[in-house]
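Given the structure of chain A, go ahead and fit chain B with the ligands onto it with the hints provided.
Keeping their order, the protein sequence lines are chains A and B. Here the first sequence stands for residues 1 to 454, where the numbers follow my numbering. Here the second sequence stands for residues 1 to 325, where the numbers follow my numbering.
I should point out that these hints are in silico values taken from the structure, not numbers from a laboratory. We put the beta carbon where it would ideally sit given N, CA and C, even for glycine. It cannot be assumed that every hint is accurate.
Label pairs and their in silico Cβ distance ranges [as the list claims (entries may be wrong)]:
1) B/Lys-299 to A/Asp-219: 49 to 59 Å
2) B/Thr-321 to A/Gln-55: 21 to 31 Å
3) B/Thr-321 to A/Pro-319: 15 to 25 Å
Keeping only pairs whose Cα atoms sit at most 30 Å apart, straight-line, the calculated DSSO-like set for lysine-lysine is [what the hints assert, rightly or not]:
4) B/Lys-195 to A/Lys-23
5) A/Lys-380 to A/Lys-305
6) A/Lys-76 to B/Lys-284
7) B/Lys-299 to B/Lys-12
8) A/Lys-124 to A/Lys-178
9) B/Lys-302 to A/Lys-76
10) B/Lys-195 to A/Lys-178
11) A/Lys-23 to B/Lys-299
Here's the letter readout for the chains.
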Amino acid sequence: MNILLPALSPTMEQGNLVKWLVKEGQQVNSGDILAEIETDKATMELESPDDGIIQKIIVEEGSENIPVNSPIAILKVDGEDELPNSGLVVNEKSSEAEVNIPNDIQSTSVSISSIFNNQVTDDKNWSEKEISMREALNEAIAEEMDLDKDVFLLGEEVAEYDGAYKVTQGLLDKFGSKRVLDTPISEHGFTGLAIGAAMAGLKPICEFMTFNFSMQAIDQIINSAAKSLYMSGGEINVPIVFRGPNGAAARVGAQHSQCFISWYSHIPGLIVVAPSNARDAKGLLKSSIRNPNPVIFLEHELLYKEKSNVPSENDFLIPIGKANIINEGSDLTIIGFSMSIHRILLALPEIQQLGLNPDIIDLRSIKPLDEECIYQSVKKTNRVVIVEDGWGNTSFGSHLSYLIQSNCFDYLDSEIVKVSGKDVPMPYAENLEALALPTREEIISAVKKVTYKN
Amino acid sequence: MAKKISNSFTNKELLGFYEKMFLIRKFEEKAGQLYGAGKIGGFCHLYIGQEAVVTGILSSIQSEDTVVTSYRDHGHILARGVDPKFVMAELTGRKDGISKGKGGSMHMFSKANRFYGGHGIVGAQVPIGVGLAFAHKYRGEKKISRVYVGDGAMNNGQVFEAFNLASLWNLPVLFIIENNRYGMGTAVNRSAAGKELYERATVFGIKGEKINGMDFFEVSQAAIRARDHIYENSKPYVLEMDTYRYRGHSMSDPATYRSKDEVNEMKSNDPILSMKNKLLKDYKINEDELNNVEINIKKQIKEVEKFSLESPLPEINELFTEVYL
Ligand SMILES: Cc1ncc(C[n+]2csc(CCOP(=O)(O)OP(=O)(O)O)c2C)c(N)n1
Ligand SMILES: [Mg+2]
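Next up, chain A with everything else stripped away, as it sits in the complex (with noise of 0.2 Å):
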């Protein structure tokens, strides 16, 4: 039996084998400890999967970037003739059930860094470096909590674990227990404190694990923090940044991969941000935790570890209510905000192969919205396309739709055209799950569609 470098996360693509804890001619049992392997997020042991011989190492102890599924060893299992079918062996049978997924999207792992760090979003000469929005958005909490005493971190995992996805790693040390709070699974309860703790002044920024489960507290979010400043006749403001990662990761389910974009950006009284890259992440972050209102700062797992430039300068800010063009053209115009413009970024070569150079805009802030950005594009390119990763059923992408023809009617050559999630809650299984997001295929053919290609 093959033994393969396993997947030992939803993310993991790729591992480095620390060490391995046998030898050669090992006799080992089933659930004893083969080996350390380095993931993503962190160091796991890999288990013996069955009785039997270690008789070969394939791969050795100090290696890096092993794909997953790669052989590693070769275990000899006790007596018994395999299956040959076995799940740990690698073989063209067993792949052939797999899954013909639209082959693009499963992998979000395709860099466009480069895209991101040609923009020159500002003039300034910053000093940059190349890191990940996880490191980003560590630093930007990192930078506000240093400069600010009335900032402090709460949420579950946040402290000793160093962050459920690693975000927060490293504060606790830095800023100790009475500024970076691990909380019981109490989101109701632990976000009315946060909210209260706001009213009185502190600057609390209140991780949900996923938002998910800030459907928990959303009486609080909506009717507490949001709605304070006008119930008080402005006497009462929720300085308070709620953020997490949101909408769908990867085969996590119906109850754990939704897209709060439209249910937030609903209401009044809330701001609603969500950035597609490293660099965006940290100014916006940071912005965020100064302004003096609530705000909704939505991450994306998936987008985690995509790397672009970032400023080091604590005064490195974007502004809250401006997107980014990220791709200039004329013919059309297509928007999109988080992991929806990495979608976009995917069928971009196909769109230009049909002789189309598209106006990207990455809204980055959903509310307040940019709507000055968007006019002006539709003004010029007179189409327009929105890719959203959340149900369509009003949603964020058709009030969108309406802000546009009402206010660029005489500029429309076409109706507008929107592809969002579909209408359904998040299938497990791989090819379903595939197909209930934005594919590439919907994209294109909506381009099409708004250019009259078809």
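Relative to chain A, chain B with the ligands alone:
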């Protein structure tokens, strides 16, 4: 030496419970391997180490009773008697999965086996379980709803609301707190104020006790006590199980928040090994019989694996079905 403490089960029945525990262990080991091989995706929370809880409770259940639990549900649905091949095919996201591949590891259900999920949001299953009890009482049925809840989930507000409702309305529900000492990376003493978790139910007038959840016989006796209390008094009951998960929270958790010594100490108290020893010594079940059970389960797991990998992906049109009836 352990005493023979339960006379109410025949040796055949005890062997059946042993088989169940062993099945859950081997099933979960295989699930872990298939996850590593990329055949299972997303989150996958294994039940290894906690088998005595679900099996001990099983020994007190009537087939008409209902059960509901969290996302750590593979062992629970197996305990309810669903064929493991349909459970594994759900994990691999295939057509023959118990939820047709649409639910995944955290979302499995079987009405035929009175298993109501399979819930991914911490704490959500607790009021749902109280609702199942409400329906039993409403219809005048002699059924008990059994609700499993984690130690971490015990800090979720709706759990307290559910306790209050269950007691206020005298509903036939047994709450089983699976205190495996950690909610993800957070040890109970870092998340829960107060002394014992089950006391959070007793303040609402619910009778309860704490049990060694690593021992089938102790769990079974407590479960029977609890059942009889519910039958006689038409009131809820709570059992807190002191138990342990051997693996990380999910497949991607390296579990560095606890020491190797701690894990090894808990493993030395293994529920399956200790049951096996008792069956040999106190019940004079012979070793061949036990070995046979194990060999058969290992064989079955190979078939289960094969089935789960050969079953096709769901049809594309399944994407849009079953959103509404
Ligand atoms: C409302 C909510 N918050 C957070 C999570 C993420 N989460 C999943 S499991 C878990 C820990 C639960 O621990 P416990 O109740 O002890 O159950 P165990 O995993 O130990 O079985 C957390 C925080 C969630 N699923 N739902
Ligand atoms: Mg627990």
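Hints, verified against the model:
1. B/Lys-299 to A/Asp-219: 49 to 59 Å: holds (52 Å)
2. B/Thr-321 to A/Gln-55: 21 to 31 Å: violated (47 Å)
3. B/Thr-321 to A/Pro-319: 15 to 25 Å: The hinted range 15 to 25 Å is violated for B/Thr-321 and A/Pro-319, with Cβ atoms some 45 Å apart.
4. B/Lys-195 to A/Lys-23: Violated, at roughly 47 Å.
5. A/Lys-380 to A/Lys-305: With a Cα-Cα distance of about 35 Å, the restraint between A/Lys-380 and A/Lys-305 is violated, given a limit of 30 Å.
6. A/Lys-76 to B/Lys-284: It is violated: about 35 Å lies between the C-alpha atoms, which goes past 30 Å.
7. B/Lys-299 to B/Lys-12: Given pair B/Lys-299, B/Lys-12 holds - Cα atoms ~21 Å apart, limit 30 Å.
8. A/Lys-124 to A/Lys-178: violated (36 Å)
9. B/Lys-302 to A/Lys-76: holds (17 Å)
10. B/Lys-195 to A/Lys-178: holds (24 Å)
11. A/Lys-23 to B/Lys-299: This hinted pair holds, its Cα atoms lying about 29 Å apart.
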